[in-house]
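Trainee: Residue strings, one per chain:
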Amino acid sequence: MAQYVFLLFDSEEWFDNLTPEEWQKAMELHGAFTAAVEAAGARVLGGEALERSTTASTVRKPDGGEALVTDGPFIETKEALGGYYVIEARDLDQAIELAKLCPAGNVEVRPIMSTSDDAESPA
Amino acid sequence: MNRRTTPPLPSPEPPAGAEVREVVDAVARAHREHWSVVLAAVVRLTRDLDLAEDCTQDAFVQAMRVWPEGVPANPAGWLTTVARRVALDRLRRETTLRRKLPLLVDDEPADDEQPTDPLRLVFTCCHPALARESQVALTLRLICGLTTREVAAGLRIGEATAAARITRAKKKIAAAGIPYRIPADHELPDRLDAVLTVVHLVYTAGHVAAGPELTRADLTGRAIELARMLVRLMPVETEPEALLGLLLMTEARGTARMSTDGELVLLADQDRSRWDVKLIAEGVARATDALVRGGGRFALQAAVAGLHVTAPSWERTDWRQVVRMYDAMMISWPTPIVALNRAAARSFVPGADLPEILAELDALAAEPALQSYPYLPAARADVLARLGRSVQAAAAYAEAITLTGNEAERRFLRRRHDELT
Numbered sequence: 001m002a003q004y005v006f007l008l009f010d011s012e013e014w015f016d017n018l019t020p021e022e023w024q025k026a027m028e029l030h031g032a033f034t035a036a037v038e039a040a041g042a043r044v045l046g047g048e049a050l051e052r053s054t055t056a057s058t059v060r061k062p063d064g065g066e067a068l069v070t071d072g073p074f075i076e077t078k079e080a081l082g083g084y085y086v087i088e089a090r091d092l093d094q095a096i097e098l099a100k101l102c103p104a105g106n107v108e109v110r111p112i113m114s115t116s117d118d119a120e121s122p123a
Numbered sequence: 001m002n003r004r005t006t007p008p009l010p011s012p013e014p015p016a017g018a019e020v021r022e023v024v025d026a027v028a029r030a031h032r033e034h035w036s037v038v039l040a041a042v043v044r045l046t047r048d049l050d051l052a053e054d055c056t057q058d059a060f061v062q063a064m065r066v067w068p069e070g071v072p073a074n075p076a077g078w079l080t081t082v083a084r085r086v087a088l089d090r091l092r093r094e095t096t097l098r099r100k101l102p103l104l105v106d107d108e109p110a111d112d113e114q115p116t117d118p119l120r121l122v123f124t125c126c127h128p129a130l131a132r133e134s135q136v137a138l139t140l141r142l143i144c145g146l147t148t149r150e151v152a153a154g155l156r157i158g159e160a161t162a163a164a165r166i167t168r169a170k171k172k173i174a175a176a177g178i179p180y181r182i183p184a185d186h187e188l189p190d191r192l193d194a195v196l197t198v199v200h201l202v203y204t205a206g207h208v209a210a211g212p213e214l215t216r217a218d219l220t221g222r223a224i225e226l227a228r229m230l231v232r233l234m235p236v237e238t239e240p241e242a243l244l245g246l247l248l249m250t251e252a253r254g255t256a257r258m259s260t261d262g263e264l265v266l267l268a269d270q271d272r273s274r275w276d277v278k279l280i281a282e283g284v285a286r287a288t289d290a291l292v293r294g295g296g297r298f299a300l301q302a303a304v305a306g307l308h309v310t311a312p313s314w315e316r317t318d319w320r321q322v323v324r325m326y327d328a329m330m331i332s333w334p335t336p337i338v339a340l341n342r343a344a345a346r347s348f349v350p351g352a353d354l355p356e357i358l359a360e361l362d363a364l365a366a367e368p369a370l371q372s373y374p375y376l377p378a379a380r381a382d383v384l385a386r387l388g389r390s391v392q393a394a395a396a397y398a399e400a401i402t403l404t405g406n407e408a409e410r411r412f413l414r415r416r417h418d419e420l421t
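Here the protein sequences line up with chains D and P, keeping their order. When the count follows UniProt numbering, it moves up by one through the first sequence with no breaks and lands on 123 for the last residue. When the count follows UniProt numbering, it moves up by one through the second sequence with no breaks and lands on 421 for the last residue.
Okay, chain P solo, but in the shape it has when bound (with noise of 0.2 Å):
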């Protein structure tokens, strides 16, 4: 039990009269930008996730009610001294029930505060005794600050199913013991793929959401602000850098992915001029930066859209260069996704064999991982009709189809479909 004294509640600075709107701008600013630094602060106190989450909680309730009188300089900082100060009321109330709960596991003195301590909550939801589905709710829950009602719409599941994945996680990380701590330096490059898979999951969860609409702006902007916490906390860590890049460099393209009438536009017929320039030179120089610096699986796929987001045009793609990136991937990474995009993309290398090709990716229908993976079709109609197959493209289109579950992708698909036939 900690016996350190309460701190005084800092004073605010008085910029004289804020407005409420400021005020609940600036608590739903500090809400985003410093959820989890301040409850991974109370955890190292608390050690116990829910606890800890009604801490946080109620320090923005309080900040909400304090902050009219002046905003403080530094919120983060602010947020966390009221939020462990909750936490040390509530522990002294409850030092008897809390003796019956396990608690997490966390090797370091509680008041030695770090800030690095977002890492640990990072490592801790992305860890890999938990199902994958199980982390990415919990990141959106934890380090992201998303109610389970904003989990459940993000990913598109049952609110329930959301409160129970979130619930038995949380379960499991205090009961089978999992520690609260950043992954020792030979444990590091599997801890951090997991993590870096799940931010990726995230944004894409965001940018093909399976719905009416095509993104849901709130997961991509999410994703790419937990990539970017990555890159700050660990700046030697070449992998984070190079997700950040590939994120950027997707998000470029966000709005030319749809046409002003809603239609999915593919990347082959997409406006370049629409894409974001600034998100270009940024994503394209982590991209470099990390290709250079370390070349690991994230490192290739933004390479890959650095390749992309730098052609002047779909035919003028430096398709070799990219099949290149992809050989490279197939050696680190070799699963049968990574195989197909290979595919994919050497169908387009100038002299292409395509019959051959195709008979590559007629083999690929055999894997388990793409038995319902609307791409692999898709790419099948795509060489079909380039064939001059256009009854089977048709078929492959009409599978495809069947399998997306993305609205703007099936029209796309149906699209393509109807011109066939």
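This is chain D alone, in the form it adopts within the complex (with noise of 0.2 Å):
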């Protein structure tokens, strides 16, 4: 069986006005999405929801020059998305200096957003 990545496009604003409501129908439709997957005899291997990519973080590392850390997501439409890591780290200052060690000419780096039972609804 081959792997895939699927990545999750959607309305900030739409997430901005969530109510707790929607919030709950949103996980709920992500466990039925996991179950027909399952379903299908695929499987799930893995898989996260982000924070806002107002959040998120840049480095940029120009040929040769020093890396460069901005507010915001990566937002240029010459280069594409190539690859993904899902790292651990004690905070973004050492995930910023892991980014900088990463093999890519921009890394956006953007926080994992926690979506166990007693977490905040983000709305």
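Simulated from the structure, these hints should not be mistaken for laboratory data. As the structure is a prediction and not an experimental result, all values here were calculated from the model. Hints may be right or wrong, so weigh each one.
What the hints assert, rightly or not - Restricting the straight-line Cα-Cα distance to at most 30 Å, the calculated cross-link-like pairs of lysine-lysine (BS3-like) are:
1) D:K61 - D:K100
2) P:K171 - D:K25
3) P:K171 - D:K61
4) P:K278 - D:K100
Hey, can you piece these two chains together into the complex? The hints should help.
Mentor: If you want it as structure tokens, here you go:
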């Protein structure tokens, strides 16, 4: 069997105005999706919800230059998403240091959202 | 969850019958001097900026109620004890809710309050993963204790914009895991530079406020207090002292920047007898010490300011030495703005090759960073005027006029423009 990454894109405006009920509903839909995958004889190997793009930091590494950290997501259009890592680090400082080591020209560092049962609804 | 027992409220020393006015002043002074100390100590406990702000605010409200019975001998200690007690109460009540919130990353025990805690707050507010404009707004809010309305007024932005910047930055700090920590030695130079840049921006926002009045004394005063705090908390570092020197020497020229009828007066034309000699003395001493001990970019900038404030007149300024300082800056900090300042300084060295300097200024016009920077056309206009090319000089002044956001600067440029046409 081949392996695939699904990249999920949604309106953040919708997300910002989410009620706790809608959040609950969304969580149920993801549960149903996981069940549908299993029912089809396929498997979910991993997956996470991400915090809003406003919590992202971007590490840019110009050729030969010093790495530059900026606030916000990576929004250039010339480069394409070419891979991903899920990293557990002490804090954002360590995550950024590791992103500088990562062999890619640009790395967006986005926190993973906690979606466990006792996590706060993002609404 | 912290389980230590709540400390008793410190009993205020009663200097009998403090007047209402005195109490209001004492609370206002404490707010200005100790807000960040109290907040920083409470953040250690709550690891939540919003909650810590609420508790700190609450302590000041209690001070208004309790201090009429006698202002405590140690206001900062009193406020910290009260604010931490409020926080402990709130934490006990809100345990379930709190478990769901992302907490600030702090690797040291919360009980271990340290005098350098405000530095944690400063480095968190000025973290490189926050946009510069957010760093400035957050610093004014959390370190200086300004309300959102005051932040908006100081930075000349809408209140909604200021609120959005502050809220978004706080959310990012918590969600992205920006640590509540003083950076390690190897990170310190870069991180400190970001902090000093923010303090400098706060000063500049106050100094050349984009509005009818030229200065907003409060922001310039706040920036100087911030610089003093950094010098006190980081005595080994030289750049905070350099920044303090730079700000003091800029401040010393304050009133001389305006004529009696409210017009902007250039450094060249200022009445130097109106400069504040006390501020100059401290500024020069700070700048000299920082230059001898370190020589970073703020030390070089302070050295330039020092050469100006100690010169008997514009003409008798040691321009060669000023240019040397900019030469050194171009090595460690080669930005288009430094290049512009260096070119302008070179134009005042006796016997300067003005056509060559004009060519250098023209070349700088291609720099994206200077596209809407009013001081570039203003510098070109000045050189063109001295070359006798009035028509071109007037056109350059006209360009500068459209670019400046400051009313007093605009009137000054307009006068220069009108003199040529």
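Trainee: For every hint, state whether the structure bears it out.
Mentor: Tested hints:
1. D:K61 - D:K100: Within the cut-off at roughly 8 Å; holds.
2. P:K171 - D:K25: holds (24 Å)
3. P:K171 - D:K61: holds (26 Å)
4. P:K278 - D:K100: violated (47 Å)
Figure legend: structure checked against the earlier numbered hints; the only hint not met is number 4.
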